[in-house]
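With the hints as a guide, dock the two chains, each given alone in a separate frame, to form the complex.
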Amino acid sequence: MNIKEYPEVLLVEDREEDATLTIRALKKYNLINDIKWLEDGQHALDYLFGTGPEKVLQAVPKLILLDLKLPRVNGLEVLEQIKSSEGLKNTPVIIMTSSNEDVDIKKAYDLGVNSYIVKPIDFGGFAEAVKQLGMYWLILNQPPK
Amino acid sequence: MRTSDSNSPVSAVQLQQGQEQYAAYFEGNSDSILIHDDSGNLIDANHEACRVLGYTKAELLQMNIADLEAGLETISSQKDWANFLKSNSLILQRDFRKKDGSSFAVEIHYRGFDKNGEAFYECTIKDVSERNLLRARERNRARVLEQLAGDADLFTVLHSVVRSIEEEDPTSICTILLYDKETNTLGTGAAPSMPDFYNEAIDGISVGDGIGSCGTAAFSKKLVIVDDIGTHPYWAPFKELAFKAGVQSCWSQPIISGTGDMVGTFAIYHHEPRTPQDADLQRIAYGARFANLAIENRRIRAELLEYKNHLEQLVTERTIALVHANEELEAFSYSVSHDLRAPLRAIAGFSNIMLEDYSDKLDDDGQKTLNTIVSNALRMGHLIDDILSFSKLSRAEKINTHLDMKSIFQNVFDELMRQEPKSHKVSFELGELAPSNGDQAMITQVVTNFISNALKYSRNTPETKIIVSSETNDNNTVYSVKDNGAGFDEKYKSKLFKIFSRLHNDKEFEGTGIGLSIVKKVIERHGGQVSAEGTLGEGATFSFSLPNA
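Taken in order, these protein sequences are the chains called A and B.
Residue numbers for the first sequence follow UniProt numbering, so the first one is 1 and each next one is one higher.
Residue numbers for the second sequence follow UniProt numbering, so the first one is 1 and each next one is one higher.
Excised from the complex, chain B in its bound form (with noise of 0.2 Å):
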């Protein structure tokens, strides 16, 4: 492994650095620096480096750097001395073991250097099991997360959380107990890595001032550490279990929800006995969070299926009472297009055979009374009508087609003068209109009632003037019939396509104040809009839009 190439970076470190510099360098170092030879015999060490490895200065000098590694992998193997020797910087990552046993993970820095010609090496040591811990939690964390959100139950999250926690002391057993409320219990939630007997044995034990650790845990809301099985009070009935499952520690931290409601406890068991360090402190406290977080995610997914399921079911129940209202409303109208029209009909007809029958006898007071009566009851035939055709409306389906809008109106206009007496003259220009979607049936009835009020209320306009136009914005297109005859009050303009109100009385313009809201009624239910515009003796401008496809 000795370089002997003069131009490497080897010499050039060496040159840049005097021994005294150096010297501050090394043992100033926050970092442990040791400094091997080629054959790896460590023949300097720091002070950090013997502060952290647990070994004096001397008793280093007398190892190997082989010998710190607690993994089977050595730091020489051929693919790393050969990136070495291309770069003279080489990173590793090892676990190191110290002095008193325990491992842990660490990234050192490699640099050589040639001293009287023969090659060192020298390597800066940095403690990266914390970095490590985070890197692996932050892992186990987005798998959890991703089973939180997907549709796994509670124990199969829980499971993944024990794993995970046992994953960062693979000496540990974990375990996670639920607590039930109603039984003051507490059930397994997960240990994947207990006997199933012991699991069996343990499932509803008691929560309870000194019942095991978990159990007096969960009674006194605090971390119980138990250090030694064998010979504390608490598991003295539970003891010889333990020992069957090969435990002799166990510490028990309560879970507590956010809203401070007990929800079970978390556990680490080891196989002898043992006191919890700082670090194992931290992640039963961690643990138990953890736990915490997927244990209350499910429970707020469960509420919010439960309540899914509530509305859905509330949702049926409805419909159910609207089918129902809506079957009731069928029977009442069509009860009263029977039954309110055959009475109505007797009124006129009976009217009428009095009028034909016994006119002689009728002075001309008594035949306008009747003819009063017969006006009457027409005009309440034709209110039935009305009503029931809105009412039929919001029952009928709608069936979109393509609309031609100017043959509608064309066809409309030319129906409507057929039934109009001859004298009233009436102009109709109609522009070209842009084609539409909708129900060809409604529109048509829209079309039919602007048209025919057109007429109507021109009644007694000398030259009647009815102008259709269209214009297609962005959204929707607006459709406009514009008159020259009685047009209305701005004032009253709300009232307009209000149900059963009227701007005129029957003497002016007969009618029943139902058409302009069944119209309001069609173009809101095609998603359109109406309008009107008008200027009392001037005229008037009634408008609808309908949406574009």
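For reference, chain A alone in the conformation it holds in the complex (with noise of 0.2 Å):
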């Protein structure tokens, strides 16, 4: 099996600026080594599931962050595959988004999300979201084997 060395976390957020700050903030807190960042729907899945011109197999990072309004396959779409894949349901998930509507937070946990964030204004508060999610699930949360 051709299996990727794998990032400890995806990030999937199509904006640069909030990209540069959710980076900089688990860096900050020494959360983490390696991060894989990309900015479309599309690119995650093929990342994912080993279905792009890069022909990379299956990849399993620790820590899916999915933001959820992305161009070409919307975040909710990405996740839905995430968790209907044997390889990958067991994955963590992060909704970390803008939109704090009814409908986004309970299409999310319908389809199986593991948290679901909205990103505050305020850089304090989003560093200190960051902060704790990756506190939580990098380090406290113990996957299964």
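Some clues are possibly wrong.
Here are the computed distance ranges between Cβ atoms for each label pair [said to hold, decoys possible]:
#1 A/Tyr136 - B/Leu329: 28 to 38 Å
#2 B/Leu329 - A/Thr51: 44 to 54 Å
#3 A/Tyr109 - B/Asn326: 35 to 45 Å
#4 A/Tyr136 - B/Asp365: 35 to 45 Å
#5 A/Thr20 - B/Lys368: 16 to 26 Å
#6 B/Ala325 - A/Thr20: 36 to 46 Å
#7 A/Tyr109 - B/Lys491: 48 to 58 Å
#8 A/Tyr136 - B/Asn437: 38 to 48 Å
#9 A/Tyr136 - B/His324: 36 to 46 Å
#10 B/Glu490 - A/Arg72: 56 to 66 Å
#11 B/Lys368 - A/Tyr29: 57 to 67 Å
#12 B/Asp365 - A/Tyr29: 28 to 38 Å
#13 B/Asn437 - A/Tyr29: 47 to 57 Å
#14 A/Tyr29 - B/His324: 16 to 26 Å
Sample of chain A residues at the chain B side, in silico, Cβ under 10 Å [unchecked claim]:
#15 Glu17
#16 Leu21
#17 Arg24
#18 Lys27
#19 Thr97
#20 Ser99
#21 Glu101
#22 Asp110
#23 Gly112
#24 Asn114
#25 Val118
#26 Lys119
Calculated from the structure, these hints are not laboratory results.
Glycine residues also receive a C-beta, built at the ideal position from the N, C-alpha and C atoms.
Take a look at the structure:
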């Protein structure tokens, strides 16, 4: 099996600024060494399922941070495919989004999301949120072997 | 039938009346009076009786009272006489036939008297045909009105109209034709007594001068009398048809609506040539009016129905448009919540990075500038959040439950105090609040707004005092939150609950100007009202009412 050396965290986020802030916060608290950032839903699916031009077979990160509003394939669709895949369904997926619409929250949970976080506007709050989720999912939480 | 009881009223009548007096009463009476003996043979008749019945006195004296009766019943039915003997007074309803053969309804008032030991009977005869006719019309009109009040269609109602006029003259056949303006023709409305072949042949005849009685009546808008179909030129083309149907005279009255429009015709036919009498003319006019009443009523009903359907369709269309608008609004607020927040986060975030990473290269002014950028980005974030919750409120479904108002106020206060600076000393006086009904989440939001305002605007007051009370009136309960904070100038009271309007600037007290407009919206959705009283520098009392369950 040609399983690629997977990153600790996969970040799917179309806005570079938000990606930068997220990566900065994770790194600031020494929570990660390795993070893969992809800008749209289709890329994320290609990467995860090895269906893209890169010819990468399944990649299984420790944690997936997923934005909702993404070009081409949106976050909920990506979530649905992850959670219905035998190889990926146990990987924690955290929605990080600006949307606090009840419908989105409900749909995400229906599809099996592990956490849903509304990104705070203030940087302090945002950094704190990223720190907390990093601490919990990357350090405290015990995933299945 | 003789009565020999000397104490009976019969002899009393005779005793009371002298011969002369009686003669004056007899001849001077405006009613017809007949006197007959024990066997019913007439022995006297006054002038009026002769005039009305059309017989000479001599002729009448050769007749028996039974000869005058048109019906099969005879006066001397056992039951009637039994009653008569009891009271010496009897009123009978009968049909009498005149010499000319015509019949009319009469009411006979009987009185018996004894003359030389023989019993005689005085019959005062009143013509009640008019009264009976009016009663019958009343009855028939009531039946038609009942049909009109219900769902009966026009043809059913017209059928009843025709039947009711035919009832007045059982030898007649009545028809109603309806006018079609587009084709300028007449179509069958109701003709239950006419044979089908006749109705089918007449259906759709043109309106025009000389086209039968009805076609001409509709054309001229005037009553048309054809008393002999066999000889009248109007009927030349239809003569054979009429004879086959067994009719030989036709009088036709146009039916004209209240607005002067031609509606149709009402016609009376007879089996033999006939010239209308006054009663006939009166009847045909009445029939046309009656038919018009029914036609107008059904027309208005049809219009109302059409209007109702139109309105329903309009409501459906508007509802679809509203749903569409609502969907658009939702899509809009969704993108507001997502797309406007992201750049703000970047502004605040990168300004913070600047402050963290380049603080050694920034002087105080530079740092202050960046902090201003951050705080304004945050303020705009709050604005977006508040606008969203304001618009969400309009869309959210209201779920009514029992509300323990006291515990809502207590919980909200406890929660808010956790976020309040420790230095802010607050005394909270919570009275016994009446419970209410409403949406728990929405009312909690209102209470949160009131209490957080009370805390916010009393932040500079050394000893903050907040008093919550309720007052139950006949129809509603008013909940009030009183504080001793900054208060407000009553002059600007009207602006308090308006969206985006503020009475303080951000330096004094931060805010977006949306909170109280949310309160107002929620309370109005609950059928209540909001109000405020205040004195600048002394405090304010904010109240909302909720209707009693």
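Hints versus structure:
1. A/Tyr136 - B/Leu329: 28 to 38 Å: Holds - the Cβ-Cβ distance for tyrosine 136 of chain A and leucine 329 of chain B, about 37 Å, lies within 28 to 38 Å.
2. B/Leu329 - A/Thr51: 44 to 54 Å: Violated, since leucine 329 of chain B and threonine 51 of chain A (Cβ atoms, about 38 Å apart) do not stay within the stated range.
3. A/Tyr109 - B/Asn326: 35 to 45 Å: violated, 25 Å
4. A/Tyr136 - B/Asp365: 35 to 45 Å: holds, 40 Å
5. A/Thr20 - B/Lys368: 16 to 26 Å: About 25 Å separates the Cβ atoms of threonine 20 of chain A and lysine 368 of chain B, which means 16 to 26 Å holds.
6. B/Ala325 - A/Thr20: 36 to 46 Å: Given about 38 Å between the Cβ atoms, the range holds.
7. A/Tyr109 - B/Lys491: 48 to 58 Å: About 50 Å separates the Cβ atoms of tyrosine 109 of chain A and lysine 491 of chain B, which means 48 to 58 Å holds.
8. A/Tyr136 - B/Asn437: 38 to 48 Å: holds, 41 Å
9. A/Tyr136 - B/His324: 36 to 46 Å: holds, 43 Å
10. B/Glu490 - A/Arg72: 56 to 66 Å: Since the Cβ atoms of glutamate 490 of chain B and arginine 72 of chain A sit about 58 Å apart, the hinted range of 56 to 66 Å holds.
11. B/Lys368 - A/Tyr29: 57 to 67 Å: Given about 28 Å between the Cβ atoms, the range is violated.
12. B/Asp365 - A/Tyr29: 28 to 38 Å: holds, 31 Å
13. B/Asn437 - A/Tyr29: 47 to 57 Å: holds, 49 Å
14. A/Tyr29 - B/His324: 16 to 26 Å: With a Cβ separation near 47 Å, tyrosine 29 of chain A and histidine 324 of chain B fall outside 16 to 26 Å, so the hint is violated.
15. Glu17: Holds, about 4 Å.
16. Leu21: holds, 4 Å
17. Arg24: Constraint on arginine 24 of chain A satisfied, holds at 7 Å.
18. Lys27: Violated: closest Cβ of chain B sits about 12 Å from lysine 27 of chain A, beyond 10 Å.
19. Thr97: Cβ of threonine 97 of chain A sits 7 Å from chain B, so the hint holds.
20. Ser99: holds, 5 Å
21. Glu101: Constraint on glutamate 101 of chain A satisfied, holds at 6 Å.
22. Asp110: violated, 18 Å
23. Gly112: violated, 22 Å
24. Asn114: violated, 21 Å
25. Val118: Hint on valine 118 of chain A: holds, closest Cβ of chain B at ~9 Å, below 10 Å.
26. Lys119: holds, 6 Å
Hint check: violations occur at hints 2, 3, 11, 14, 18, 22, 23, 24; the rest are consistent with the structure.
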